[in-house]
Amino acid sequence: MSLSGHRHPPGPAEPSDPDGPEGSLDLSVPADPAGAAAARPRAGADPGASAIALREVVKRFGAFTAVDGLNLEVPAGTVFGLLGPNGAGKSTTMKMLTAQSRADSGEITVLGHPVPRASKRARAEMGVVPQHDNLDEELTVRENLAVFTHLYRVPRARRAEAVDRALRLAHLEDRADLRADKLSGGMRRRLLIVRGLVHRPRLVLLDEPTVGLDPQVRQELWGLITALRAEGVTVLMSTHYIEEAERLADVVALMAKGRIVARGVPADLIARYAGSTVEEFPIPPGPAAAEIEERIAAAGLTTRRTGATLSVLHAGEIPDSLRDSLGAGSARAGNLEDVFVTLTGERVE
Amino acid sequence: MSADTRSAERPAAAPGPAAKAPPGRFELAPIAGVLAREWALYRRSWKPTTFASVVEPVIMLLAFGVGLGSLVGAIGGYEYIHFLGTGIVATSVLFTSMFPGLIDTYVRRVFQHTYDGMLAAPVDVRELVTGEASWIACKAGVYGCAPLVVAIGFGLPASWAMLLVPVIAFTTGFGFALTGIWMSAAVPSIKTMDYIISGVITPLFLIAGTFFPIDTLPAWAQVVAKINPLYHCVELVRGTAFGLDPGTAAGHFAALIAFVAVVWCLAVFQMRRKLID
Numbered sequence: 024m025s026l027s028g029h030r031h032p033p034g035p036a037e038p039s040d041p042d043g044p045e046g047s048l049d050l051s052v053p054a055d056p057a058g059a060a061a062a063r064p065r066a067g068a069d070p071g072a073s074a075i076a077l078r079e080v081v082k083r084f085g086a087f088t089a090v091d092g093l094n095l096e097v098p099a100g101t102v103f104g105l106l107g108p109n110g111a112g113k114s115t116t117m118k119m120l121t122a123q124s125r126a127d128s129g130e131i132t133v134l135g136h137p138v139p140r141a142s143k144r145a146r147a148e149m150g151v152v153p154q155h156d157n158l159d160e161e162l163t164v165r166e167n168l169a170v171f172t173h174l175y176r177v178p179r180a181r182r183a184e185a186v187d188r189a190l191r192l193a194h195l196e197d198r199a200d201l202r203a204d205k206l207s208g209g210m211r212r213r214l215l216i217v218r219g220l221v222h223r224p225r226l227v228l229l230d231e232p233t234v235g236l237d238p239q240v241r242q243e244l245w246g247l248i249t250a251l252r253a254e255g256v257t258v259l260m261s262t263h264y265i266e267e268a269e270r271l272a273d274v275v276a277l278m279a280k281g282r283i284v285a286r287g288v289p290a291d292l293i294a295r296y297a298g299s300t301v302e303e304f305p306i307p308p309g310p311a312a313a314e315i316e317e318r319i320a321a322a323g324l325t326t327r328r329t330g331a332t333l334s335v336l337h338a339g340e341i342p343d344s345l346r347d348s349l350g351a352g353s354a355r356a357g358n359l360e361d362v363f364v365t366l367t368g369e370r371v372e
Numbered sequence: 002m003s004a005d006t007r008s009a010e011r012p013a014a015a016p017g018p019a020a021k022a023p024p025g026r027f028e029l030a031p032i033a034g035v036l037a038r039e040w041a042l043y044r045r046s047w048k049p050t051t052f053a054s055v056v057e058p059v060i061m062l063l064a065f066g067v068g069l070g071s072l073v074g075a076i077g078g079y080e081y082i083h084f085l086g087t088g089i090v091a092t093s094v095l096f097t098s099m100f101p102g103l104i105d106t107y108v109r110r111v112f113q114h115t116y117d118g119m120l121a122a123p124v125d126v127r128e129l130v131t132g133e134a135s136w137i138a139c140k141a142g143v144y145g146c147a148p149l150v151v152a153i154g155f156g157l158p159a160s161w162a163m164l165l166v167p168v169i170a171f172t173t174g175f176g177f178a179l180t181g182i183w184m185s186a187a188v189p190s191i192k193t194m195d196y197i198i199s200g201v202i203t204p205l206f207l208i209a210g211t212f213f214p215i216d217t218l219p220a221w222a223q224v225v226a227k228i229n230p231l232y233h234c235v236e237l238v239r240g241t242a243f244g245l246d247p248g249t250a251a252g253h254f255a256a257l258i259a260f261v262a263v264v265w266c267l268a269v270f271q272m273r274r275k276l277i278d
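The listed protein sequences correspond, in order, to chains H and V.
Per my numbering: the first sequence = residues 24 to 372.
Per my numbering: the second sequence = residues 2 to 278.
Hints in this document: simulated from the structure, not taken from any laboratory.
Yeah, the Cβ is synthetic: ideal placement off N, Cα and C, and Gly gets one too.
It cannot be assumed that every hint is accurate.
[What the hints assert, rightly or not] Straight-line C-alpha distance at most 30 Å; calculated DSS-like pairs for lysine-lysine:
1. V/Lys192 to V/Lys275
2. V/Lys48 to H/Lys205
3. H/Lys280 to V/Lys275
4. V/Lys48 to V/Lys192
[What the hints assert, rightly or not] Here are a few chain V residues that face chain H, going by a calculated C-beta distance under 7 Å:
5. Ala30
6. Gly34
7. Arg38
8. Arg45
9. Pro49
10. Thr50
11. Thr51
12. Ala53
13. Thr115
14. Ala122
15. Pro123
16. Gly156
17. Ala159
18. Ile277
Working from the sequences, and respecting the hints, build out all of it.
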């Protein structure tokens, strides 16, 4: 395995980042074909294999079972969204992938390395962005990055280049010498993300990358994740923001009570479990609402309460007889929230 | 061009350290990584750190050495300020290693989540603990010499053997840093550190022959003193100034090494319990 940081081939497409001259960084890739070729089989990652595989993984904390027989495969090169409410076991799953939490039973493989046994090799090839901001406040942006080039064993000759690249990715070039405690919330989070990318990992774990940020800042970060996808990096992202999962993830897994309840391409999941259109009907207060629900259920349709309205999934299949009595609702597109609630009875956010 | 040749050679000639080493082995690269972070932080904080580490023992030395020394006169045939100067090297080492080990490590682990970030990188707990303790020990090795330099200024004859003081201070500091790290991971809350500071650190630095020779103590306290690693540090430092036969010196140093070995295991075990669940 090479720690030179050029494990993946040059990006399949032109760099998506218009003002980041990412292409120049790939110059050294053709120069070490021997190293790359020798490194790949040893890392045990044949192309097409899963970047992450969990089989029947169980994790208990005393009497509480946080992860309950989890099976999960993350194909290499995808952006994979792990979606679920707080307490579903997302963070515990993330921590088990870096061996910072040890499973009670089951098998975990990350980039071909069995975890926790060979976890250090796996950690050398992946980048982790923690949920808790743990930047070194007293250090500058550049110093924060430089420390992680050491921890990730970027060779001495490449450290400066790796820091510069991370600064460009995070659009923090002109803030390089500012102390981390002087950064805005969005800048801090960008720094936190690129800090996990200084060694050009093949796999990136993002644990709730946008939690607590305002929507505008959240969108800024989405660009960063999209750029990773363009470079062919595998991304596993946990989130409880439905919109984030729908927009960014190629594949999502819905997680509840320590298990995966559904897995697939967001659009397919929506089509299957919620239907392309969902209609919302205002519901009267009191027992009348339950009566309407029963009537719809009798027609074989699924509903869920959405505040003051009742959402009918697969609204295209509402039979005319029912339609006559319900009247016209307001139609909207189905979403992952509908899927999630239908499958688990729980809300995500 | 030169960059290309370098990158072409590097992977072939020197595959990454993680590739060569079997997983889980103790490696130097992660320790270097931990030290790199400490160095970056130290570049920001060296002024107050140096001030505290140098000025405090020097004030203690001057106050007790000159003030109390005028009453005491000589101890064991040595001028009191010379006796004390060699002893305060040890207390200085204790303070500059045990407090950072205890408090800084606690803050970084519990409040700053620094170690969670490091352990997500290719760093294992044993390397993290060794790196943190080595850095603290380096500082103890350097700052511990300050009281000796002051004592030399007050007429303590310098000797070649004193060049070993940084080594003695490093070894002792390494042990007490590990002790602090161990205890920082053993305490249930930051408040309970008061038990350690008053109940452990204070007796450690007083019952070690630092301010007075231990042969004036009752027999049981002399036994306690000999178990105290700081006593062995004091004897070694004093030996470099006043002379010590090599056999006895080797015995004291062996005691320090044994201390380091025991607290290393305790610190790694306890930190792993707290950091990996």
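Structure-based check of each hint:
For the suggested pair V/Lys192 and V/Lys275, the alpha carbons sit about 18 Å apart, so the restraint of at most 30 Å is met. Of the supplied pair hints, the one linking V/Lys48 and H/Lys205 holds, its CA atoms being roughly 22 Å apart against a limit of 30 Å. Taken as a hint, the H/Lys280 and V/Lys275 pair is honoured in the structure, with Cα atoms around 25 Å apart against an allowance of 30 Å. A threshold of 30 Å between alpha carbons decides the hint, and for V/Lys48 with V/Lys192 the separation of about 28 Å falls inside it, so the pair holds.
Given hint, V/Ala30 at the interface with chain H, holds; its Cβ is 5 Å from that chain's nearest Cβ, closer than 7 Å. For the restraint placing V/Gly34 at the interface with chain H, the shortest Cβ-Cβ distance is roughly 4 Å, inside the 7 Å limit, so the hint holds. For V/Arg38, the shortest C-beta to C-beta distance to chain H is roughly 4 Å, which falls under 7 Å, so the interface hint holds. At about 5 Å, the closest approach between the beta carbon of V/Arg45 and any beta carbon in chain H falls short of 7 Å, and the interface hint on this residue holds.
Given hint, V/Pro49 at the interface with chain H, is violated; its Cβ is 12 Å from that chain's nearest Cβ, farther than 7 Å. About 12 Å separates the beta-carbon of V/Thr50 from the nearest beta-carbon of chain H, more than 7 Å, and the hint is not met. Hint status for V/Thr51 relative to chain H: violated, with the closest Cβ pair at about 16 Å, above 7 Å. Among the interface hints, the one on V/Ala53 is violated; its C-beta lies about 17 Å from the nearest C-beta in chain H, farther than the 7 Å criterion.
Hint status for V/Thr115 relative to chain H: holds, with the closest Cβ pair at about 6 Å, below 7 Å. Restraint check, V/Ala122 versus chain H: the minimum CB separation of about 4 Å is within 7 Å; hint holds. Look at V/Pro123: its Cβ gets to within about 4 Å of chain H, closer than 7 Å, so that hint holds up. With its C-beta approaching chain H no nearer than about 41 Å, V/Gly156 sits outside the 7 Å limit, and its interface hint is violated.
Here the hint on V/Ala159 is broken, as its CB sits about 38 Å from the closest CB of chain H, past 7 Å. Contact between V/Ile277 and chain H, as hinted, is supported at the beta carbon level, the nearest pair being about 6 Å apart and thus within 7 Å.
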